[in-house]
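Build the full structure now, drawing on both the sequences and the hints.
Residue numbers (the numbering used here), protein chains in the order written: chain W, 3 to 464; chain C, 11 to 69.
Read the hints as simulated data drawn from the structure, not as lab findings. If you're wondering where the values come from, they're calculated on a predicted model, not measured in any experiment. Incorrect hints may appear among the rest.
As the list claims (entries may be wrong) - When the alpha-carbon atoms are kept at most 25 angstroms apart in a straight line, the in silico BS3-like pairs for lysine-lysine are as follows:
(1) 232(W) with 365(W)
(2) 393(W) with 405(W)
(3) 203(W) with 220(W)
(4) 14(C) with 31(W)
(5) 17(C) with 31(W)
(6) 31(W) with 264(W)
Claimed, not checked - A few chain W residues that face chain C, going by a derived Cβ cut-off under 10 angstroms, partial list only:
(7) 191
(8) 195
(9) 196
(10) 200
(11) 311
(12) 313
(13) 316
(14) 436
(15) 439
Beta carbons are placed, not taken as given, at the ideal position from N, Cα and C, and that holds for glycine.
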Amino acid sequence: MSLNLSAVASRMDKLYEFDREPVTPDKLKPGVLFASIFAGEHVAATEFVIGAFFVLHGISASDLILGLLLGNLLAVLSWAFICAPIAVSTRLTLYWYLRKIAGPGVTLIYNIANAFLYCILAGAMISVSATAVGLAFGMKVPGINDILPNNLLWVVICLALGFLFTTLAILGFEKLGRFAEVASPWIFLAFIGGALATLPKLGVRADFSNFWEIATTKIWNGIAATGQGKFGFWQVVFFAWFCNLAMHVGLSDMALFRYAKKWTYGFYSAFGMYSGHFLAWICSGVMVSAIGREMNPGKMAFEALGLAGVLAVLLAGWTTANPTLYRAGLALQTVTGWPRWKITLIAGIATSVLSCFPLFFMKLLDYVAIYGLVLMPIGAVVFSEHWIFPKLGIPRYQAETRKQVFNWKVLLVWAASLAFAFLLPIHLYFRWLPGYLFALVLYVVLNIGARTPAAENIPTQG
Amino acid sequence: MKNKWLKISSILALAICLGLAWLNFSGRLSAGSFKLWFLIVSLVYFVTATLSVGKKSGA
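What follows is the structure, given as structure tokens:
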């Protein structure tokens, strides 16, 4: 396959053509829609794993609750003060705004990186669903420190589910996407119901009088499982903050907030954070404690809710993997120009193979950190260009005005800030913040020479 | 009008699921009965909610 960059850029533009123009005032959406989108999107299969991992990492109950309150608040503020204002000001998706700033070549690289990361995430979701299906066959779930698959049945079930999810993604995203709307309130309820049904098994009395005692001694007792690093308050804060880094600080939710009437709609993200990333994480922590801290989402939901629990894990895995596969297919379609079914099939096969490796599922927390970290510098570049350049008199949208395919400064900032972040001698979870600040400063420094007293800035719309 | 009732039924099913979990937690419903009824009411929810969403998008 020969890679003709202008042809690829043209295909990519065509694919995103429908949202090329800024959103017009008549298409703006009410706040309640943003609240429901966030509440639905952030109760997913990952929640079964993340909340359970916090228990395994030996977090204390008070560190968990306070850390989640603060970390989720920081995430909400990031949506409200970083992502939503840029989206409302430009009314564009990140794709089109980045294209003006960095050129079509960089947006292509960004799309490929995104697709690759999406495939790994979808693979982890297939693994989560496999733990539920495997119960029917007495399957042995890989251990928490396993990297490679340790039994044939696990591989067979992962591949079968991967094939099923891929087929459903090919058959039609829109109708299935609508089913996800139906499933998400019920999945949230399955978390709450599962935790409630589990509490008596842990010894919690019906009047909740000894809940805190049980929580601190039997659930979040501060003792890490073998092979798991001990987490404290700041790890929880940073995890909750960066869990959706690519969406808020990384600005990919510009696609959503360009429909917002006001930037303050960013605060509606709290509906997703405090339901999914607070309550659901706490509920999955309760459920995992009742099965002897075994990382097996299928088993923990089955013990709590019976067959409905198996259904919850299966649906949560599928409703997360399905749009992820679809997005990966879309991103890769721009590179190959192949029909969507074909590229979704290839992305699905790759994802199914990845799902057989327990590494991605068992190291989900680290993967989520790396996912946000890889895409974060692009958010820093766009932030600099949007807010800092006009203040310093640096001309904006140089790739567009100079008709550049690659804005090399953006690529340099991306690579250098990733190298900087990976070399920092601090915990993985804390690296993105200095990396982000480094990217902001480096991008401004690289462009300061272009400063003119009367820099001609293209006004923002909206 | 029909859609309104489907929507009400689906919300009611969710509320019943939560109520069942509370009854189980407070010891007034055995674990076995809870799991069975939770599954049945969940299926009712999926049928009514899917029909409700289908009608909304078709309208």
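Hold the hint about residue 313(W) up to the distance rule: shortest CB distance to chain C must be less than 10 angstroms. holds, 7 angstroms
Interface hint check: residue 191(W), Cβ to nearest Cβ on chain C, cutoff 10 angstroms. Holds or violated? Given a least distance of 5 angstroms, the restraint on residue 191(W) holds.
Would the pair residue 14(C) and residue 31(W) pass a check requiring their Cα atoms to be no farther apart than 25 angstroms? holds, 22 angstroms
Quick check on the hint: residue 311(W) CB to chain C CB, less than 10 angstroms? holds, 8 angstroms
Assess, step by step, whether the Cα of residue 393(W) is no farther than 25 angstroms from the Cα of residue 405(W), and give holds or violated. holds, 24 angstroms
What's the verdict on residue 17(C) and residue 31(W), does the C-alpha distance respect the 25 angstroms limit or exceed it? Between residue 17(C) and residue 31(W) the Cα gap is close to 22 angstroms, so the pair holds against 25 angstroms.
Proposed proximity, residue 220(W) with residue 203(W) (alpha carbon, max 25 angstroms): Distance ~11 angstroms between residue 203(W) and residue 220(W) Cα, so the pair holds.
Tell me if the interface restraint on residue 195(W) is satisfied: Cβ within less than 10 angstroms of some Cβ in chain C. holds, 4 angstroms
Taking the closest Cβ pair, is residue 196(W) under 10 angstroms from chain C? holds, 8 angstroms
What's the verdict on residue 232(W) and residue 365(W), does the C-alpha distance respect the 25 angstroms limit or exceed it? Within the cut-off at roughly 15 angstroms; holds.
Is it true that the CA of residue 31(W) sits at most 25 angstroms from the CA of residue 264(W)? holds, 10 angstroms
When the least beta-carbon distance from residue 436(W) to chain C is tested against 10 angstroms, hint result: violated, 44 angstroms
Against the hints set out earlier in the document, violations occur for numbers 13, 14 and 15.
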